[in-house]
Amino acid sequence: MSDRIGIEVTVNGIHHLHEVEPRLLLSDFLRHTLMLTGTHVGCEHGVCGACTIMLNGDSIRACLMFAVQADGCEIQTVEGLGSIEKMNSLQEAFHACHALQCGFCTPGMLMTCKDMLQKYPLQNDAQIRDGLSGNLCRCTGYTHIVEAVRLERDRRDAKQVENAAEQAQ
Amino acid sequence: MKPPKFEYLRPASIEEAVAALAAAGDEGKIIAGGQSLVPMMNFRLLSPSVVIDINRIPGLGDIQEQPDGGLKIGALARHHALETSETVKKLYPVLHAAMQQVAHLAIRNRGTIGGSITHADPAAELPMLMKLLDARIKLVSSRGTRIVDAEDFFLGALSADVQENELVTEIYLPPLPQGAGWAFEEVARRAGDFALAAVGVILQVEQGKVVEARIGVMGVADTPLRINDAETILFNQACDPATLEQTVQAVLQAIEPSTDLHASAEYRKHLTEVLIRRAIGLAWLRATGENNE
Numbered sequence: 000m001s002d003r004i005g006i007e008v009t010v011n012g013i014h015h016l017h018e019v020e021p022r023l024l025l026s027d028f029l030r031h032t033l034m035l036t037g038t039h040v041g042c043e044h045g046v047c048g049a050c051t052i053m054l055n056g057d058s059i060r061a062c063l064m065f066a067v068q069a070d071g072c073e074i075q076t077v078e079g080l081g082s083i084e085k086m087n088s089l090q091e092a093f094h095a096c097h098a099l100q101c102g103f104c105t106p107g108m109l110m111t112c113k114d115m116l117q118k119y120p121l122q123n124d125a126q127i128r129d130g131l132s133g134n135l136c137r138c139t140g141y142t143h144i145v146e147a148v149r150l151e152r153d154r155r156d157a158k159q160v161e162n163a164a165e166q167a168q
Numbered sequence: 000m001k002p003p004k005f006e007y008l009r010p011a012s013i014e015e016a017v018a019a020l021a022a023a024g025d026e027g028k029i030i031a032g033g034q035s036l037v038p039m040m041n042f043r044l045l046s047p048s049v050v051i052d053i054n055r056i057p058g059l060g061d062i063q064e065q066p067d068g069g070l071k072i073g074a075l076a077r078h079h080a081l082e083t084s085e086t087v088k089k090l091y092p093v094l095h096a097a098m099q100q101v102a103h104l105a106i107r108n109r110g111t112i113g114g115s116i117t118h119a120d121p122a123a124e125l126p127m128l129m130k131l132l133d134a135r136i137k138l139v140s141s142r143g144t145r146i147v148d149a150e151d152f153f154l155g156a157l158s159a160d161v162q163e164n165e166l167v168t169e170i171y172l173p174p175l176p177q178g179a180g181w182a183f184e185e186v187a188r189r190a191g192d193f194a195l196a197a198v199g200v201i202l203q204v205e206q207g208k209v210v211e212a213r214i215g216v217m218g219v220a221d222t223p224l225r226i227n228d229a230e231t232i233l234f235n236q237a238c239d240p241a242t243l244e245q246t247v248q249a250v251l252q253a254i255e256p257s258t259d260l261h262a263s264a265e266y267r268k269h270l271t272e273v274l275i276r277r278a279i280g281l282a283w284l285r286a287t288g289e290n291n292e
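First to last, the sequence lines map onto chains A and B.
In terms of numbering that gives the first Met the number 0, the first sequence is residues 0 to 168.
In terms of numbering that gives the first Met the number 0, the second sequence is residues 0 to 292.
Don't read these hints as lab results, they were simulated from the structure.
Virtual Cβ for every residue (Gly too), placed ideally from N, Cα, C.
Sample of chain B residues lacking proximity to chain A, with all beta carbon distances greater than 12 Å (derived):
#, residue
1, Gly68
2, Thr86
3, Pro92
4, Ser140
5, Asp148
6, Thr168
Using 30 Å as the maximum straight-line C-alpha spacing, the simulated DSSO-like pairs for lysine-lysine come out as follows:
#, chain 1, residue 1, chain 2, residue 2
7, A, Lys118, A, Lys158
8, B, Lys89, B, Lys71
9, B, Lys208, B, Lys268
10, B, Lys28, B, Lys71
11, A, Lys118, B, Lys88
12, B, Lys137, B, Lys89
13, B, Lys71, A, Lys118
14, B, Lys28, B, Lys137
15, B, Lys89, A, Lys118
All chains should be built: construct the whole structure from the sequences, respecting the hints.
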């Protein structure tokens, strides 16, 4: 059997062609092959959420998928959200609310929050905490992360109201 | 924490997948969502030499209402698709409710119904829901097709009636009785974790009497259970306090939970008692129209 299989993936808008061993985890492909070390690896069995990325617009655990399975897919990692100079709105909310301390869980938290903000109303803290329940953080006690999500949710809802008003005109 | 080498195949049809399984002998393993398989491979608890990826088989994740009012669910239907399906919500509100408790969003985005029931974790929601909904599971192999009732499908912890080289392709749910009341109640350590205990109830009530009762429990035995003795007690009765108490006791007699690091046997039994009493009451209210939420 041939050891390596060619794959084509788009990561943060950049097209990549690589040959990978089937056993290579997507998380290791991102970190070791593409050198995108923003995606963190905590537990490697789907429990901690640190390696959460977006695959074709949905959050997934990068440690529970093989790179070869992502052939033809569009991936977004934390590097695709914003930069230190120009953070995106969610990253700014984390910054403003002090929603991180050591930062290890933060890439996974951001990707998880991005997906839950696009899929769920998150109208109360119970829903927000439910959405965060698959990501472990050992520093913050979660409270500040909940606050950041609340802030970003309010911005999202305000934007929706704005858009609706614009369309009505 | 890295899986050993394997050969990777990506069949484009059920026929190709089944042929690949047959060719791989006992060395082949199907990967669907991979949410249970990949952790086991990362820990090297499993090391298949051929991994057959069914994720690209067209139509395998379809969720389709049937002419008889039932539902066909393709094995590759993701948990998030079931969670958000309007058809599921309309036809099987109990399944819709249970799906909210299945794992976390990133897991629900990948995990599949076929994978979950084949993995047969006794603390997972879908195996119990399959028994509660009298599901029929379709398995295909190079030898042909087999249909297995959910009642017979779960053999033990992490063991389902999937024979050598068989692939689960589809789950059929028969229609629920008209106006049936339902409830799903679960306790887990953390939202999305495996249940310490959970129960599902379906009650059909006519003229103040139960004409069909289904009671499912999970997390308290090697497999999810239907408690036939308790279902029989409810039959042809109103849900008065004495009948309810008798039913709850029948449930408790039928289970023998075990102690593990998550909870003691006594605590699981206590949870089951609290949850089943609550669920039967709620299903009764929904069936009799006293609670239409």
